Amino acid sequence: MLYREAGQFKSTYAQDQQIFPILQDRVAVAALLVVAFIVVPIVGDQYWLAALITPFLILSLAALGLNILTGYAGQLSLGAAAFMAIGAFMTYNAVLRIPGIPILAAFAIGGLCAAAVGIVFGLPSLRIKGLYLAVATLACQFFVLWALNRVGWFSNYSSSGVITAQQMSILGYPIATPAAKYLLTLSVVAVLALAAKNLMRSATGRAFMAVRDMDVAASVIGIPMMKTKLLAFAISSFYCGVAGALYAYCYLGTVEPEAFTLDLSFRVLFMIIIGGVGSILGSFLGAAFITLFPILLSVGSKWIETLLGIEMSHAVVSNTEAIIFGSLIILFLIVEPLGLARMWQVVKEKLRLWPFPH
Amino acid sequence: MRSHEVRAIIGPNGAGKSSMLNVLNGVYRPQKGRIRFRDREFRNMVPHEAASMGIARTFQNIALFKGMTVLDNVMTGRNLKMRCSFVEQALWIGRARREEMVHRRAVEEIIDFLEIQHIRKTPVGRLPYGLQKRVELARALAAEPTLLLLDEPMAGMNLEEKQDMCRFILDVNDHYGTTLVLIEHDMGVVMDISQRVVVLDYGRKIADGTPEEIRGDEKVIAAYLGVAHA
Amino acid sequence: MTFFIEVLAGGLLAGVMYSLVALGFVLIYKASGVFNFAQGSMVFFAALTFVSLTERGWNVWLALAVTLIAMIIVGVAIERVVLRPLVNQPPITLLMATIGLTFVLEGLSQLMWGSQPHGLELGIPDVPMEWLAEKWNINISQFDLFAAAVAGVLVAVLALLFQKTRIGRALRAVADDHQAALAVGIPLQHIWAIVWATAGFVALVAGVMWGVRNGVQYALTFVALKALPVLILGGFESILGAIVGGLIIGATEKLAEVYVGPMVGGGIESWFAYVVALLFLLVRPEGLFGEKHIDRV
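So the sequences go chain by chain: A, B and C.
Counting with the working numbering, you get residues 20 to 377 for the letters of the first sequence.
Counting with the working numbering, you get residues 46 to 275 for the letters of the second sequence.
Counting with the working numbering, you get residues 672 to 968 for the letters of the third sequence.
Just so you know, these hints were derived from the structure itself, not from any lab.
Since the structure is predicted, the reported quantities are computational estimates derived from the model, not experimental observations.
The C-beta atom is built at its ideal place from N, Cα and C for all residues, glycine as well.
Errors might be hidden in some of the hints.
[To be verified] Derived, one-sided and incomplete: chain B residues facing chain A with beta-carbon distance under 8 Å:
no.: 1; residue: R74
no.: 2; residue: A96
no.: 3; residue: F104
no.: 4; residue: F110
no.: 5; residue: G112
no.: 6; residue: R149
no.: 7; residue: L172
[Said to hold, decoys possible] A few chain B positions that, by computed beta-carbon distances, are all more than 10 Å from chain A:
no.: 8; residue: K111
no.: 9; residue: L159
no.: 10; residue: D216
no.: 11; residue: E258
no.: 12; residue: A267
[Unchecked claim] As a list, the in silico EDC-like pairs of lysine to aspartate or glutamate whose alpha-carbon atoms are at most 20 Å apart:
no.: 13; chain 1: A; residue 1: K216; chain 2: B; residue 2: E144
no.: 14; chain 1: B; residue 1: K207; chain 2: B; residue 2: E189
no.: 15; chain 1: A; residue 1: K246; chain 2: B; residue 2: D219
no.: 16; chain 1: B; residue 1: K207; chain 2: B; residue 2: D219
no.: 17; chain 1: A; residue 1: K29; chain 2: B; residue 2: E154
no.: 18; chain 1: B; residue 1: K166; chain 2: A; residue 2: D64
no.: 19; chain 1: B; residue 1: K264; chain 2: B; residue 2: D219
no.: 20; chain 1: B; residue 1: K126; chain 2: A; residue 2: D234
no.: 21; chain 1: A; residue 1: K148; chain 2: A; residue 2: D35
no.: 22; chain 1: A; residue 1: K216; chain 2: B; residue 2: E133
no.: 23; chain 1: A; residue 1: K216; chain 2: A; residue 2: D44
no.: 24; chain 1: B; residue 1: K126; chain 2: B; residue 2: E153
no.: 25; chain 1: A; residue 1: K29; chain 2: B; residue 2: D157
no.: 26; chain 1: A; residue 1: K367; chain 2: A; residue 2: E355
no.: 27; chain 1: A; residue 1: K29; chain 2: B; residue 2: E197
no.: 28; chain 1: B; residue 1: K111; chain 2: A; residue 2: D44
no.: 29; chain 1: B; residue 1: K207; chain 2: A; residue 2: D35
no.: 30; chain 1: B; residue 1: K166; chain 2: A; residue 2: D232
no.: 31; chain 1: C; residue 1: K835; chain 2: C; residue 2: D847
no.: 32; chain 1: B; residue 1: K111; chain 2: B; residue 2: E133
no.: 33; chain 1: B; residue 1: K207; chain 2: B; residue 2: D237
no.: 34; chain 1: A; residue 1: K246; chain 2: A; residue 2: D234
no.: 35; chain 1: B; residue 1: K166; chain 2: A; residue 2: D44
no.: 36; chain 1: A; residue 1: K29; chain 2: A; residue 2: D44
no.: 37; chain 1: B; residue 1: K166; chain 2: A; residue 2: E368
no.: 38; chain 1: A; residue 1: K216; chain 2: A; residue 2: E340
no.: 39; chain 1: B; residue 1: K250; chain 2: B; residue 2: E197
no.: 40; chain 1: B; residue 1: K111; chain 2: A; residue 2: D232
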């Protein structure tokens with residue numbers, strides 16, 4: 020009833036190919052953007068902004084990057100965190116060594132360096148696929164972390180190994196409060212998400228999906244394998260690099276290799292599995308799920324503690340979290356391999372018929 | 046092959062018909078021999094090269110991109126003609142937008158031509174076999190090929206679907222002037238629509254001529270039906 | 672020179688350890704085409720269960736038997752709950768399911784038995800063999816040799832199982848073509864249960880060996896990741912490949928760490944094996960003993 024598209028005719032191809040062809044969707048998204056950009060920073064609790072919403076946005080961006088490579092282009096990668104680390108460290112070095120560089124340009128440099136490394140480690144994808152490629156990305160993950168640790172230049176020969184991220188400012192305004200960092204993150208993520216969506220629904224995105232679905236047929240059509248795969252690696256690494264820079268500058272406040280371990284790579288992979296591979300929206304949903312889940316769990320465990328009068332140690336909670344996580348992954352893969360994004364689509368389809376069941 | 050003709054390749058199973066097409070496309074590398082296309086000679090073909098020279102192909106076991114809709118699948122066929130860089134596409138400004146619309150228009154014409162408008166937004170995985178074959182043909186046509194290789198385009202179809210497909214194939218030859226190579230097992234179809242036929246057996250050419258000549262050729266009959274041993 | 676031999680021997684024997692873990696992978700991959708990312712956590716679970724039981728005063732053999740039964744149960748449960756519903760999915764889905772499984776097993780292990788590291792004693796001391804040390808001045812640990820012997824026996828038994836017995840034949844048939852195996856009446860579910868149980872047994876052996884060497888602690892799960900380069904070198908379907916691959920990886924890793932490491936600041940072990948595997952992949956993707964993969968268009 021509310022969600023009908025009757026009467027919304029499309030008379031040009033451009034209209035037909037909009038991101039949000041249904042009017043109600045456009046209204047909803049516009050409202051969401053207004054809330055996100057204007058309402059939240061004013062009303063939002065500073066703690067929640069810094070501890071929850073900003074990292075959610077940053078990890079969505081990383082998930083987006085990984086989704087481009089693994090979800091759209093079908094190249095399994097276990098090295099997302101390594102590219103994030105490169106982005107963070109190269110941004111640090113850019114700010115350090117190029118005086119007066121605007122922070123956004125520094126982020127871009129971080130992303131571009133990550134993209135360059137991504138292309139190098141993506142070269143094996145021209146000869147190997149699937150699980151074997153995953154091993155190549157593992158090599159990338161371990162090697163990059165080792166290099167960032169050992170090669171002093173990256174951390175400016177710091178002896179303690181922990182580098183503080185420099186202060187950011189845009190056009191003279193310092194970006195120090197949680198609200199400011201949130202807005203910066205939100206802007207970057209919104210722009211990059213839009214770019215990703217545009218890219219995925221145009222020829223590049225189709226080329227990626229063709230390579231994923233059937234690469235022999237794709238090459239017969241004339242899609243260049245090497246260029247397409249390397250482009251996927253480059254774009255994906257760029258996104259992960261920028262996410263890593265944001266992770267260091269707008270969330271952690273420090274630039275350290277320990278923040279970007281294999282564990283983080285797995286978390287990002289889980290985000291796209293649960294959220295939906297091959298879906299921009301899925302990246303956000305998955306990131307939201309995985310960011311919120313530990314919070315829900317710790318709240319739930321406190322509730323159980325008071326209810327049953329028992330003490331649950333931190334270890335018990337985190338192990339239970341691991342068990343439930345793993346089980347959810349398996350459950351999603353069995354029940355809805357296309358993840359939350361597909362479930363959302365199903366909800367929308369049901370909404371169009373509401374209040375009728377079918 | 047002559048320009049604009051419809052040429053059939055026939056032969057018993059395992060004769061090497063699909064393999065020959067694979068060689069022409071660059072999917073397989075031949076052990077010996079040469080490929081001559083227009084004025085150029087090749088020791089072996091590279092898929093990308095074949096595509097840019099205007100050779101398009103459909104496959105025996107459908108090679109559609111199962112994760113995409115019909116429209117997207119056919120649009121990938123236009124990939125070679127798209128000139129915009131990925132940056133322009135990401136920004137979705139001016140040139141990228143216009144280019145997408147121009148190609149969308151071309152694709153819609155092909156969709157119209159093959160009568161698959163009603164399924165253009167359906168993911169191809171959900172379509173029945175016959176329609177999938179038609180979508181594959183659409184994708185091959187989207188590249189505006191000069192040479193179209195069809196690998197058993199009518200396999201697994203009932204009489205009605207076969208007639209439809211025959212009509213489309215002849216229309217393609219007529220309307221677009223495309224040269225067609227057709228691997229087909231249905232003799233009726235071969236006799237009806239092809240102008241010349243080549244017969245393969247155990248990887249060798251055993252006959253080459255018009256359908257009537259082939260029908261009466263002893264070697265061909267022997268290959269298909271076997272020879273009586275006294 | 673003796674130093675080189677010591678390092679080489681140490682590397683080879685470390686490689687034997689890797690092979691033990693890799694064997695579990697090979698078994699499951701051979702029989703069901705699934706790459707069981709959770710093998711490392713199975714090793715961890717086995718080791719932790721065994722050591723926790725012995726620490727509570729249980730008799731070694733009893734603890735071993737109970738742990739073995741637990742592993743079999745875990746293996747069968749995995750096959751039933753995780754793999755059967757995912758039977759026709761693409762390999763990448765199965766891989767991700769086993770990654771999820773890794774988390775479940777790790778959490779479960781630590782939930783049941785706690786997360787402190789444990790030492791493990793089997794009665795064989797980790798001291799150099801005396802006569803080797805005296806005769807040639809080479810120090811090679813007794814325990815390492817014992818582990819190598821155990822691995823050798825295990826490989827021989829498994830190889831015999833696969834080649835000579837009826838069940839082995841059935842396993843190979845299933846690995847080749849599920850449908851065809853079903854068509855000739857091979858009970859698929861039973862076979863898979865047997866395979867996972869065997870993999871559980873191999874995990875137990877590997878877990879106990881590793882536990883003695885490095886202590887039973889969470890880091891054991893990372894051993895699984897090291898098995899990947901081993902499998903790439905040896906081929907995913909070859910038992911012999913698991914051994915050879917393990918030896919090569921172990922040896923080259925140790926040698927690189929000792930001889931090249933100091934030049935670049937050390938710590939090479941974290942990535943060297945993977946880079947070796949990567950380079951190998953570019954040259955011979957199917958591994959030394961694996962089967963070439965042919966795509967028909």
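Hints versus structure:
For B/R74, the suggested interface contact is broken, since its CB lies about 14 Å from the closest CB of chain A, more than 8 Å. Interface hint at B/A96: satisfied, since its Cβ lies 3 Å from the closest Cβ of chain A, which is below the 8 Å cut-off. The interface hint given for B/F104 holds, since its Cβ lies 7 Å from the closest Cβ of chain A, which is under the 8 Å cut-off. For the restraint placing B/F110 at the interface with chain A, the shortest Cβ-Cβ distance is roughly 4 Å, inside the 8 Å limit, so the hint holds.
At a threshold of 8 Å, the smallest CB-CB gap from B/G112 to chain A is about 5 Å, leaving the interface hint in force. The closest approach between the C-beta of B/R149 and any C-beta of chain A is roughly 5 Å, which is under the 8 Å cut-off, so the hint is satisfied. With 8 Å as the threshold, the beta carbon of B/L172 stays out of range of chain A, its nearest partner Cβ sitting at about 15 Å, so the hint is violated. Chain A draws B/K111 into its interface by the beta-carbon criterion, the shortest separation being 5 Å against a cut-off of 10 Å.
With a least beta-carbon separation of about 17 Å from chain A, B/L159 lies farther than 10 Å from that chain, consistent with its non-interface assignment. With a least beta-carbon separation of about 22 Å from chain A, B/D216 lies farther than 10 Å from that chain, consistent with its non-interface assignment. Residue-level check passed: B/E258 sits 32 Å from the nearest beta carbon of chain A, beyond 10 Å. For B/A267, the shortest C-beta to C-beta distance to chain A comes to about 34 Å, beyond the 10 Å cut-off, and the non-interface label holds.
As the CA atoms of A/K216 and B/E144 are separated by approximately 17 Å, the hinted pair is consistent with the 20 Å bound. With a C-alpha separation of about 23 Å, the suggested pair B/K207 and B/E189 falls outside the 20 Å cut-off, and the hint is violated. For the proposed pair A/K246 and B/D219, the alpha carbon gap of about 36 Å is over 20 Å, so the pair is violated. For a cut-off of 20 Å, the pair hint linking B/K207 to B/D219 stands: about 18 Å separates their Cα positions.
As the CA atoms of A/K29 and B/E154 are separated by approximately 18 Å, the hinted pair is consistent with the 20 Å bound. Of the supplied pair hints, the one linking B/K166 and A/D64 is violated, its CA atoms being roughly 43 Å apart against a limit of 20 Å. Restraint check for B/K264 and B/D219: the C-alpha separation of about 32 Å exceeds 20 Å, so the hint is violated. Distance hint between B/K126 and A/D234 is fulfilled; the C-alpha atoms sit about 19 Å from each other, no more than 20 Å.
As the CA atoms of A/K148 and A/D35 are separated by approximately 35 Å, the hinted pair breaks the 20 Å bound. With a CA separation close to 13 Å, the supplied pair A/K216 and B/E133 stays within the 20 Å bound. Of the pairs offered as hints, the one joining A/K216 and A/D44 holds, with about 16 Å between alpha carbons and a cut-off of 20 Å not exceeded. Only pairs whose Cα atoms come within 20 Å are accepted, and B/K126 paired with B/E153 is accepted, the gap being roughly 16 Å.
Pair hint A/K29 plus B/D157 holds up; C-alpha atoms about 18 Å apart against a cutoff of 20 Å. Between A/K367 and A/E355 the CA atoms are separated by roughly 16 Å; this keeps the pair inside 20 Å, and the hint holds. Straight-line distance between C-alpha atoms of A/K29 and B/E197 comes to about 38 Å, which puts the hinted pair past the 20 Å bound. Note on B/K111 and A/D44: the hinted pairing is violated, with a Cα-Cα distance of about 27 Å set against a maximum of 20 Å.
Simply put, B/K207 and A/D35 have alpha-carbon atoms about 33 Å apart, too far for the 20 Å limit, and the pair is violated. For the suggested pair B/K166 and A/D232, the alpha carbons sit about 18 Å apart, so the restraint of at most 20 Å is met. Note on C/K835 and C/D847: the hinted pairing holds, with a Cα-Cα distance of about 17 Å set against a maximum of 20 Å. The suggested pairing of B/K111 with B/E133 is violated, with an alpha-carbon distance near 27 Å, which exceeds 20 Å.
Distance restraint check for B/K207 and B/D237: the Cα-Cα separation of roughly 12 Å lies within the 20 Å cut-off, and the hinted pair is therefore satisfied. This hinted pair checks out: A/K246 and A/D234 have alpha carbons roughly 13 Å apart, not beyond 20 Å. Note on B/K166 and A/D44: the hinted pairing holds, with a Cα-Cα distance of about 19 Å set against a maximum of 20 Å. Restraint check for A/K29 and A/D44: satisfied, since their Cα atoms lie roughly 15 Å apart, inside the 20 Å limit.
Our distance criterion of 20 Å between C-alpha atoms is met by B/K166 and A/E368, whose separation comes to about 15 Å. Between A/K216 and A/E340 the alpha-carbon distance is near 32 Å, which puts this suggested pair outside the 20 Å criterion. Distance check on the hinted pair: B/K250 and B/E197 sit about 19 Å apart at the alpha-carbon level, within 20 Å; holds. As the CA atoms of B/K111 and A/D232 are separated by approximately 6 Å, the hinted pair is consistent with the 20 Å bound.
In this structure, the hints that do not hold are numbers 1, 7, 8, 14, 15, 18, 19, 21, 27, 28, 29, 32 and 38, in rising order.
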